[in-house]
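**Q** Those sequence lines, one after another, are chains A and B.
Numbers 1 to 452, taken from our numbering, label the letters of the first sequence in order.
Numbers 1 to 166, taken from our numbering, label the letters of the second sequence in order.
To be clear, the hints were calculated from the coordinates, so they are not data collected in a lab.
Quick caveat, the model's predicted, so the values are computed rather than measured.
Glycine is no exception: its CB is placed at the ideal position from the N, C-alpha and C atoms.
All the given hints hold, so there is nothing to weed out.
Just the calculated beta-carbon pair ranges, DEER-fashion:
no. : chain 1 : residue 1 : chain 2 : residue 2 : range
1   : B       : Glu43     : A       : Ala125    : 51 to 57 Å
2   : B       : Leu81     : A       : Trp123    : 20 to 26 Å
3   : B       : Pro87     : A       : Leu124    : 27 to 33 Å
4   : A       : Ser345    : B       : Pro80     : 54 to 60 Å
5   : A       : Pro244    : B       : Val66     : 26 to 32 Å
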Amino acid sequence: MNRTRNNPIADDLVRPLFHTSVWFYGVVVVLASVVLCGAAAWGYQLWYGIGVAGINWPVFWGFYLTNFVFWIGISHAGTLISAILRLVNARWRRPVTRCAEVITVFALMIGAMFPLIHLGRPWLAFWLAPYPSAREIWPNFRSPLVWDFFAINTYLTGSLLFLFLPMIPDFALIRDRATGWRRRVYGALALGWQGTTKQWHRLEAGMQIMAIAIIPVAVSVHTIVSFDFSMATVPMWHSTIFGPYFVAGAIFSGIAALIIAMAALRRLLHLEKYLHPVHFENLGKLLLLMSLLWAYFVFAERLTVWYGNEPSEMAVFWATQAGDFAPLYWTMVVCNFVIPFPLLSLKAFRTVTGCVIASFAVLVGMWLERFLIIVPSLSNKPLTYSWGSYSPTAVEITIMAATFAAMILLYMLFSKFVPIISIWELKVGNQPHPPEPVADEDELAGLWKARP
Amino acid sequence: MRAIYALFTGPDGAQQAVEALRGAGVADRDIVVMSSEPFEEYEFSQRDEATWLHWIAGAGAVAGLVLGYFLTAGTQQLWPLQTSGMPIVSTWPNTIVVFELTMLGAILSTAVALLVTASLPRRMPPLRPRRHARLRPRRRRPARPGAGREAVGRARRRARGGGEGG
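Given these sequences and hints, build the entire structure.
**A** Structure, rendered in structure tokens:
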């Protein structure tokens with residue numbers, strides 16, 4: 001049963017799946033070339049060893065770990081935001097949720113690759129998996145790296161299911177419209193969905209439970225990523241504030257990524273009818289809130305360090321405030337606070353363009369923040385003999401560029417195979433209310449009398 | 001099994017049909033409403049709401065918790081390894097792994113229970129191709145000269161009661 005014979009929502013959202021323009025192929029070729037360059041750079045590193053990267057004593061964590069933290073942070077855009085909006089039943093969430101959930105899945109996949117690249121010998125990565133080796137040695141569960149393994153895999157599994165399950169009714173809809181190989185593929189993905197009332201109830205109940213379960217997992221993931229740092233007695237890492245500070249930063253960068261993705265989809269797939277300025281305005285308000293929260297955390301962290309006046313921490317503090325890293329630090333402050341604050345707090349600027357400019361600034365700022373957490377602390381260890389510097393090599397820069405290209409490429413390909421906006425959820429949002437039963441005259445008279 | 005299928009352009013018509021079927025004595029369990037979107041505010045959509053999904057998710061979480069505990073504490077005792085002065089069975093760091101496996105148990109059990117109780121995956125007969133096959137005009141043999149006259153003659157003979165029986 002369809003509410004209307006001609007369904008404009010389904011028509012609009014399914015159209016990009018069946019019609020592909022020439023520019024799409026052109027962009028795919030360009031992005032795929034960048035990804036291949038990154039793969040070649042990784043191959044070069046595998047062949048010649050990790051020495052071709054810029055990481056060296058005492059800075060053993062550089063671009064790779066910066067990107068790992070950055071991408072795991074970006075992954076907070078999707079499932080967490082979608083789950084919160086689903087739980088509070090925000091009506092404006094409907095066109096936003098799938099755009100967001102896709103970011104989570106791809107960003108997690110890309111982020112999880114960086115520890116493997118950083119390992120240098122990725123064929124030994126299976127040592128992290130919980131299995132008894134020939135000598136019955138299990139992984140050391142006290143190691144934060146093993147916590148990462150469990151947290152990221154749990155979040156990735158949950159996010160994949162959270163993305164896939166609500167797609168089943170849309171796959172069924174496309175199956176009924178498609179022909180040829182598309183019909184077979186979408187038919188398989190639809191799992192034989194019929195849309196009975198029982199199936200709808202199970203889907204909605206299941207999504208509610210998964211939304212409840214996925215929120216603490218999302219929070220735990222970035223808290224555990226922060227533990228990679230705060231469990232070490234490195235200056236300015238060993239801090240109790242790191243868990244919430246990382247989670248706030250992750251949500252901050254995640255919302256920024258979501259706004260940019262939505263604006264691009266809106267323009268390229270002509271979804272202006274579904275992604276309204278009000279969606280950007282609401283997300284812009286959330287971004288403003290996270291910008292203020294980020295500034296609060298930075299101030300709290302910096303003030304505590306400055307007041308404590310611990311020499312080893314002050315070395316890192318001054319390196320970022322006025323030393324070699326100061327230009328990057330103040331660029332970060334400008335990008336994360338000075339630009340977004342006026343753009344998002346003044347209603348006149350909180351337009352689609354304003355939100356997109358603020359989001360680009362936030363992404364740059366948050367990447368710099370990850371870099372500034374890692375490198376200055378490792379460059380200024382407690383004893384001065386272990387001070388050093390770090391500069392990335394072409395291999396690291398190429399791999400990093402390739403991951404950004406991979407993210408855009410995966411997102412584009414996904415939007416060509418799956419409706420990027422949940423069709424059935426959007427249709428539910430447009431449903432008319434059923435006619436109210438008409439009360440008889442006696443009942444109406446009784447109601448009138450009951451009034452004071 | 002006999003069935004009556006009806007197609008409605010809107011939920012109001014479906015609601016009236018469900019009520020009419022009930023009025024005619026058809027049991028609720030024999031009425032199936034399929035739609036491309038959920039119609040939560042209509043009465044026909046209120047059936048089949050009761051579900052054990054929450055309890056199954058809880059059971060999955062408990063299973064994950066038990067597995068997480070035995071995976072961490074059990075293996076630490078299997079191979080006692082002193083790390084940074086921490087006890088062999090270190091409850092604080094183990095809690096992280098136990099938590100993740102608890103949530104993973106809840107998520108996986110919810111997804112599996114959702115699919116099983118919604119009878120998914122299932123083989124759904126392809127409706128369109130068969131319908132199209134039925135509607136497709138039969139291939140005709142090329143006509144033989146005089147075949148039409150012969151057929152008319154056969155029909156006349158059959159009508160008179162005699163004929164060749166073909």
